Amino acid sequence: MIKFVRIASFLLAAVITVFSIFFIDAEQELAQAQLAYRSGDMDQALRKARRANRAFSTDEKKVSAYYVQARAAAKMNWTEKAKDYLDELLSIDQDNMSGLLFRGEIELQLGHNENALRDLNKGIALASENLKPNDLAYSLSKRGLVHLNLNQTNEAEKDAQKALQLSANLPEAHDLMSKVLEEKGEIKKALAECERAYQLSIEKNKLSFMTPEGQKLSNRLVDLRVKALRTK
Amino acid sequence: MKSKKCSTCGKPIKSDDKFCQHCGAAQKNVTPVTKPIKTAESKSISIASLLKWILIALFTGLVFGWIRYWIGYYILIQGIIAGLLIPWMIKKTAVNQMAALSNIRFKMAIALFFTFIISEAIGFGLAQPVFDPFNWFVRVWNGDTTESIFGIFSTAGVVSQTFSEGLSGGFWAFLWFIDLFFMFFFLLVSMPLSTKKVKS
Numbered sequence: 001m002i003k004f005v006r007i008a009s010f011l012l013a014a015v016i017t018v019f020s021i022f023f024i025d026a027e028q029e030l031a032q033a034q035l036a037y038r039s040g041d042m043d044q045a046l047r048k049a050r051r052a053n054r055a056f057s058t059d060e061k062k063v064s065a066y067y068v069q070a071r072a073a074a075k076m077n078w079t080e081k082a083k084d085y086l087d088e089l090l091s092i093d094q095d096n097m098s099g100l101l102f103r104g105e106i107e108l109q110l111g112h113n114e115n116a117l118r119d120l121n122k123g124i125a126l127a128s129e130n131l132k133p134n135d136l137a138y139s140l141s142k143r144g145l146v147h148l149n150l151n152q153t154n155e156a157e158k159d160a161q162k163a164l165q166l167s168a169n170l171p172e173a174h175d176l177m178s179k180v181l182e183e184k185g186e187i188k189k190a191l192a193e194c195e196r197a198y199q200l201s202i203e204k205n206k207l208s209f210m211t212p213e214g215q216k217l218s219n220r221l222v223d224l225r226v227k228a229l230r231t232k
Numbered sequence: 001m002k003s004k005k006c007s008t009c010g011k012p013i014k015s016d017d018k019f020c021q022h023c024g025a026a027q028k029n030v031t032p033v034t035k036p037i038k039t040a041e042s043k044s045i046s047i048a049s050l051l052k053w054i055l056i057a058l059f060t061g062l063v064f065g066w067i068r069y070w071i072g073y074y075i076l077i078q079g080i081i082a083g084l085l086i087p088w089m090i091k092k093t094a095v096n097q098m099a100a101l102s103n104i105r106f107k108m109a110i111a112l113f114f115t116f117i118i119s120e121a122i123g124f125g126l127a128q129p130v131f132d133p134f135n136w137f138v139r140v141w142n143g144d145t146t147e148s149i150f151g152i153f154s155t156a157g158v159v160s161q162t163f164s165e166g167l168s169g170g171f172w173a174f175l176w177f178i179d180l181f182f183m184f185f186f187l188l189v190s191m192p193l194s195t196k197k198v199k200s
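Residue numbers (the working numbering), protein chains in the order written: chain Z, 1 to 232; chain C, 1 to 200.
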């Protein structure tokens, strides 16, 4: 009898464990994942999105979960993992605009410029009508950086101009323009654009200088000031 | 129970009855009470057995860590289950080494306890998308993230509202410490106890 009770208890515990992992309210989990992402808790965002992803049966829902996973992983500097999630997302939906644009950005961070350009080109082509001007300008700035890495300065300048037309107060667009001008040897103009980018990023977030991107920007600003002084 | 017939009156009686229930006659050939057969107890513990027990704690820790990531933390329940399950599995595999095991029960409990903690962290890390359990520990301590508590949603009112997003910081560490304390307590008291009496 005791043996039976033991076996029954063990089986019950195993069933509850499996049920708790796989049979969950996936919609609620995904909503909680998005909430955790917005509140800055990337560990929980990733965990809950993965739990939701396991429970979702439709591709459409899985795409949403993969996107949250990729966003959270990228915020945690798990860039390779973010790319893996985006690969999964795009294997389900090849023409997912957000997925393409974000993978392009991730590929740029990883130094895979050819792949980044392919994804950003496709994403921007899909985005031109569906995306807000500010978001489109951001993606154009990223593509401009890829062009610069590939020594395609003219294309980079076109993207910078287009991005600034769409959103004149986007720090990334001014930063890109600054890099383009520096590449063309126009140091004073480059410095002015870089200062504008720095100022805008501080206006956007007072602690932006503490982020990796903010630190890069401030380092570049210092370098450009030194260069400008030397060219006098 | 087997039965036999009374050697005097022939009526059925129980096999271990010394007297007939019907006529009261004394019965011969009463079956002697069987003494438990002692098995050969080993006085020392082999390295293989020691490794086997450490592996039990290791495997249990890995499973518990994996579950902890996916479901959340079972405060107290986890410590009690692990504290009872590990010694139970060890007793099952240490049939002839109980006496030897009882002599080192405290050291063994400590070894199993730390093996469990480390392997639980590894199990947790293996469930993570990127193996990062030790940095995760720091993040929870700093309040950058929270740890979900299993079953908190089933509670109602203030408790559910306050802890539905999990725990972090000092309170989380305090509850974890209590859980580990209970685990060690059950681990220690569930290990085989020496039955030798000390002569005064």
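What the hints contain is simulated information worked out from the structure, not anything from laboratory work.
Be aware that one or more of the hints could be misleading.
As the list claims (entries may be wrong) - Straight-line C-alpha distance at most 20 Å; calculated EDC-like pairs for lysine to aspartate or glutamate: (1) Z:K81 - Z:D93; (2) Z:K61 - Z:E88; (3) Z:K61 - Z:E114; (4) Z:K75 - C:D132; (5) Z:K75 - Z:D25; (6) C:K4 - C:D16; (7) Z:K81 - C:D16; (8) Z:K132 - Z:E182; (9) Z:K75 - C:D144.
Bear in mind that the values here come from a model prediction, so they are computed numbers and not experimental data.
Discussion item. Tell me the hint numbers this structure goes against, listed in increasing order.
Written reply: 3, 5, 7, 8
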